[in-house]
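K.L.:
Could you put the whole structure together from the sequences, leaning on the hints where they help?
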Amino acid sequence: MHDSHRKHRETDGGGGLTAHVFRALGNYKIWLFAACGIFVIPHFSFADKAAQPPIPDLPLGEAIGQVLAMPGDAEYGAYLATECVTCHQQHSVNHAIPAINGLPREYFVEAMLEYKYHLRDNSVMQAIIGSLGMEELSALATYFSTKD
Amino acid sequence: MSNVTRRTFNKLLGAGAGAMAMPGLLRAQGRKNVVIVGGGAGGATVARHLAEKAGGAINITLIEDSEKYTTCFFSNLYLGGYRDFASITHGYDRLVNDYGIRKITARAEEIDRTAQQVRTSTGETIPYDRLVLSPGIDLMFDSVPGYSRELAEIAPHAWQAGPQTQLLKSKIDELKNGDQVVMVAPPNPYRCPPGPYERVSMIAHTLKSRGLDDCTIVVLDPKDKFSKQGLFTEGWEKYYPGMVEWYGPNIHGGIKGVDVKAGTVETDFDTFSGALLNIIPAQQAGSIAISAGLSDDSGFCPVDAETMRSKRDENIFVIGDASIAGAMPKSGSAANSQAKVVVMHLMGDLEDARVFPARYLNTCWSLVETNDGIKVGAQYANVDGAIASTSSFISQPDESADIRRQTFEESVAWYDGITKDMFG
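In the order they appear, the protein sequences are chains A and B. The first sequence begins at 1 in the working numbering and counts up by one. The second sequence begins at 1 in the working numbering and counts up by one.
What the hints contain is simulated information worked out from the structure, not anything from laboratory work. Be careful, since some hints might not be right.
[Stated by the list, open to error] Derived pair list, reagent style SDA-like, types lysine to any residue, alpha-carbon separation capped at 20 angstroms:
no.: 1; chain 1: B; residue 1: K238; chain 2: B; residue 2: E369
no.: 2; chain 1: B; residue 1: K53; chain 2: A; residue 2: D148
no.: 3; chain 1: A; residue 1: K49; chain 2: B; residue 2: L167
no.: 4; chain 1: A; residue 1: K49; chain 2: B; residue 2: K225
no.: 5; chain 1: B; residue 1: K420; chain 2: A; residue 2: G133
no.: 6; chain 1: B; residue 1: K238; chain 2: B; residue 2: S400
no.: 7; chain 1: A; residue 1: K49; chain 2: B; residue 2: I394
no.: 8; chain 1: B; residue 1: K68; chain 2: B; residue 2: L167
no.: 9; chain 1: A; residue 1: K49; chain 2: B; residue 2: S389
no.: 10; chain 1: B; residue 1: K53; chain 2: A; residue 2: Q89
no.: 11; chain 1: A; residue 1: K147; chain 2: A; residue 2: A74
no.: 12; chain 1: B; residue 1: K53; chain 2: A; residue 2: E75
no.: 13; chain 1: B; residue 1: K53; chain 2: B; residue 2: L350
no.: 14; chain 1: A; residue 1: K49; chain 2: B; residue 2: A327
no.: 15; chain 1: B; residue 1: K53; chain 2: A; residue 2: A81
no.: 16; chain 1: B; residue 1: K223; chain 2: B; residue 2: G254
no.: 17; chain 1: B; residue 1: K53; chain 2: A; residue 2: Y76
no.: 18; chain 1: B; residue 1: K208; chain 2: B; residue 2: K68
no.: 19; chain 1: B; residue 1: K68; chain 2: B; residue 2: V96
no.: 20; chain 1: B; residue 1: K103; chain 2: B; residue 2: K420
no.: 21; chain 1: B; residue 1: K53; chain 2: B; residue 2: D98
no.: 22; chain 1: B; residue 1: K223; chain 2: B; residue 2: E234
no.: 23; chain 1: B; residue 1: K420; chain 2: A; residue 2: H91
no.: 24; chain 1: B; residue 1: K176; chain 2: B; residue 2: D214
no.: 25; chain 1: A; residue 1: K147; chain 2: B; residue 2: K208
no.: 26; chain 1: A; residue 1: K49; chain 2: B; residue 2: E234
no.: 27; chain 1: A; residue 1: K49; chain 2: B; residue 2: T390
no.: 28; chain 1: A; residue 1: K147; chain 2: B; residue 2: K420
no.: 29; chain 1: B; residue 1: K68; chain 2: B; residue 2: R94
no.: 30; chain 1: B; residue 1: K420; chain 2: A; residue 2: N101
no.: 31; chain 1: A; residue 1: K49; chain 2: B; residue 2: Q396
no.: 32; chain 1: B; residue 1: K103; chain 2: B; residue 2: R31
no.: 33; chain 1: B; residue 1: K256; chain 2: B; residue 2: S273
no.: 34; chain 1: B; residue 1: K53; chain 2: A; residue 2: T146
no.: 35; chain 1: B; residue 1: K103; chain 2: B; residue 2: P145
no.: 36; chain 1: B; residue 1: K32; chain 2: B; residue 2: L167
no.: 37; chain 1: B; residue 1: K420; chain 2: A; residue 2: A78
no.: 38; chain 1: B; residue 1: K208; chain 2: B; residue 2: R83
P.N.:
What follows is the structure in structure tokens.
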């Protein structure tokens, strides 16, 4: 590295040159890059937030009843399930992502809706289930309940 | 069709020498032919899921020039010493033996869209009713002046996993205290948006764990922001203070070129020297997709948002890094998800199966330091003709160590899952 960079880093008191740039950006300030007279203007936000569909107004108990009352299209469920099985393997021994084949319909629907209502806190599952409608949940529950 | 039946079917075909190579015989049996080019997260997933759904009713040919496939995803964990090379390398044996897929170890050289056939580097011509292209990326070496395919043997890109990844690892292992690593990050769009920054974390982890705290990693980035930026920079300050320096274009003013033999990268701002240069150039769709006339001016392939069908040819699907998939990033996870939409439409086209509205998913996992995993991802659908996000998630800066460890454990389970989903 060029000497001027090395010197700057050694004398800036820790955290490194870039750490200062990051702090400045993080504070949303325009930061004078004193060593070379360049203005650093932040173009990004640190506050990356998830964008998830809102929790339904319908009380959870009624939602569970509604989904269970649907017949559940197993063929549709088979398609939707291709997304699930990337992570949820048939014979998963890894508890970080459990196996879901053969879960009883009632249990499956309740668990999925608990993600939709953010009563279960895994953000990946909240995002996936949040974008599924009642018909889709019913189809998935029917499909997985019949799998070994 | 059961696996045993499929095996028996293959044996029957195998009984006549070269029978599998005789398209006439296959046509005579009335089976449709699906050819898949590229055996990575897109192509292998299509092959396996289509074989499961079609149950032997469709002839499936997978053309991939590697005997074994090393995943780009988790290759940074190999660099960080968390995985060995064998654990990120997978064979096609189960796809061939258990699923009845014909694997041709060759390059797809040419696609004749009128005759609907693919010519391979081994001189075979394979007919198709439907073709799935999942060729990944080609690197545009000359996007970084002074860099070339040959010079990648000295300054590895390691952006296509395999020998390049091993080369980069061996060069990291040779570093001494006080050495500097210079990474030239790629411009958008490129494979695996968080990948360069996870790599920085893993190189820093390796150096720190060897006691080489005086080493530095300089990232010269053509972009003014990057994926999971807040999370990565927080991690770098926490775990690797003073070791990582990231320069966007506002600071370096533009990357002018690289002198690989001198070990320098020149920018408008200054010339940076490194004992190790990791140059990740700009990218475009794998050349087979471009030579087949399926790409646009961007170098990638426009596709229909509902089906992943090429906008240039209704008999061809383009998935994974080579496609322009709206808001979806170029990732193994995205390719795997797109593969399932394609399988549904292949079954619809060729077997009159029902088709449903497409859903897509992407998850990107990164490791910052031991047991500190972060994730970003989203659900996607066809919204007014474009693949758009319908919900998303991202790790938060203030999360507990428990959540970060749990995220890392999820990523390990995800890797185990997706590779089984691809290779059986």
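K.L.:
Next step is simple, just say for each hint if it's right about the structure.
P.N.:
Results for each hint:
Of the pairs offered as hints, the one joining B:K238 and B:E369 holds, with about 10 angstroms between alpha carbons and a cut-off of 20 angstroms not exceeded. A C-alpha spacing of about 17 angstroms is found between B:K53 and A:D148, which places the hinted pair at or below 20 angstroms, so the restraint holds. Restraint check for A:K49 and B:L167: not satisfied, since their Cα atoms lie roughly 37 angstroms apart, outside the 20 angstroms limit. Our distance criterion of 20 angstroms between C-alpha atoms is met by A:K49 and B:K225, whose separation comes to about 16 angstroms.
For the given pair, B:K420 sits about 28 angstroms from A:G133 by alpha-carbon distance, which is inconsistent with the 20 angstroms threshold. With a C-alpha separation of about 14 angstroms, the suggested pair B:K238 and B:S400 falls inside the 20 angstroms cut-off, and the hint holds. For the suggested pair A:K49 and B:I394, the alpha carbons sit about 7 angstroms apart, so the restraint of at most 20 angstroms is met. Only pairs whose Cα atoms come within 20 angstroms are accepted, and B:K68 paired with B:L167 is accepted, the gap being roughly 18 angstroms.
Annotation: proposed proximity of A:K49 to B:S389 holds, straight-line Cα distance about 13 angstroms (limit 20 angstroms). Taken as a hint, the B:K53 and A:Q89 pair is honoured in the structure, with Cα atoms around 17 angstroms apart against an allowance of 20 angstroms. The hinted pair formed by A:K147 and A:A74 meets the criterion: a straight-line CA distance of about 11 angstroms does not exceed 20 angstroms. With a C-alpha separation of about 12 angstroms, the suggested pair B:K53 and A:E75 falls inside the 20 angstroms cut-off, and the hint holds.
Using a Cα cut-off of 20 angstroms, the hinted pair B:K53 and B:L350 holds, with the two alpha carbons roughly 12 angstroms apart. Of the pairs offered as hints, the one joining A:K49 and B:A327 holds, with about 16 angstroms between alpha carbons and a cut-off of 20 angstroms not exceeded. A hinted pair counts as satisfied when its Cα atoms are at most 20 angstroms apart, and B:K53 with A:A81 qualifies at roughly 13 angstroms. For the hint pairing B:K223 with B:G254, the CA-to-CA distance comes to about 10 angstroms; that is within 20 angstroms, so the pair holds.
A threshold of 20 angstroms between alpha carbons decides the hint, and for B:K53 with A:Y76 the separation of about 14 angstroms falls inside it, so the pair holds. At roughly 32 angstroms between alpha-carbon atoms, B:K208 and B:K68 are farther apart than 20 angstroms, so this suggested pair is violated. Between B:K68 and B:V96 the alpha-carbon distance is near 13 angstroms, which keeps this suggested pair within the 20 angstroms criterion. Of the pairs offered as hints, the one joining B:K103 and B:K420 holds, with about 17 angstroms between alpha carbons and a cut-off of 20 angstroms not exceeded.
Proximity of B:K53 to B:D98 is assessed by CA-CA distance (about 14 angstroms); at most 20 angstroms being required, the pair is judged to hold. Taking the CA atoms of B:K223 and B:E234, the gap is near 19 angstroms; set against the 20 angstroms cutoff, the hint holds. Restraint check for B:K420 and A:H91: the C-alpha separation of about 11 angstroms stays at or below 20 angstroms, so the hint holds. Annotation: proposed proximity of B:K176 to B:D214 holds, straight-line Cα distance about 9 angstroms (limit 20 angstroms).
In summary, the hint linking A:K147 to B:K208 is not supported, as the alpha carbons are separated by about 47 angstroms, beyond the 20 angstroms threshold. Taken as a hint, the A:K49 and B:E234 pair is honoured in the structure, with Cα atoms around 16 angstroms apart against an allowance of 20 angstroms. For a cut-off of 20 angstroms, the pair hint linking A:K49 to B:T390 stands: about 14 angstroms separates their Cα positions. A threshold of 20 angstroms between alpha carbons decides the hint, and for A:K147 with B:K420 the separation of about 18 angstroms falls inside it, so the pair holds.
Annotation: proposed proximity of B:K68 to B:R94 holds, straight-line Cα distance about 12 angstroms (limit 20 angstroms). For the given pair, B:K420 sits about 16 angstroms from A:N101 by alpha-carbon distance, which is consistent with the 20 angstroms threshold. A C-alpha spacing of about 8 angstroms is found between A:K49 and B:Q396, which places the hinted pair at or below 20 angstroms, so the restraint holds. Between B:K103 and B:R31 the alpha-carbon distance is near 18 angstroms, which keeps this suggested pair within the 20 angstroms criterion.
Taking the CA atoms of B:K256 and B:S273, the gap is near 14 angstroms; set against the 20 angstroms cutoff, the hint holds. Annotation: proposed proximity of B:K53 to A:T146 holds, straight-line Cα distance about 17 angstroms (limit 20 angstroms). Taking the CA atoms of B:K103 and B:P145, the gap is near 38 angstroms; set against the 20 angstroms cutoff, the hint is violated. Note on B:K32 and B:L167: the hinted pairing is violated, with a Cα-Cα distance of about 42 angstroms set against a maximum of 20 angstroms.
A distance of roughly 18 angstroms separates the Cα atoms of B:K420 and A:A78; the hinted pair therefore holds under the 20 angstroms criterion. Proximity of B:K208 to B:R83 is assessed by CA-CA distance (about 17 angstroms); at most 20 angstroms being required, the pair is judged to hold.
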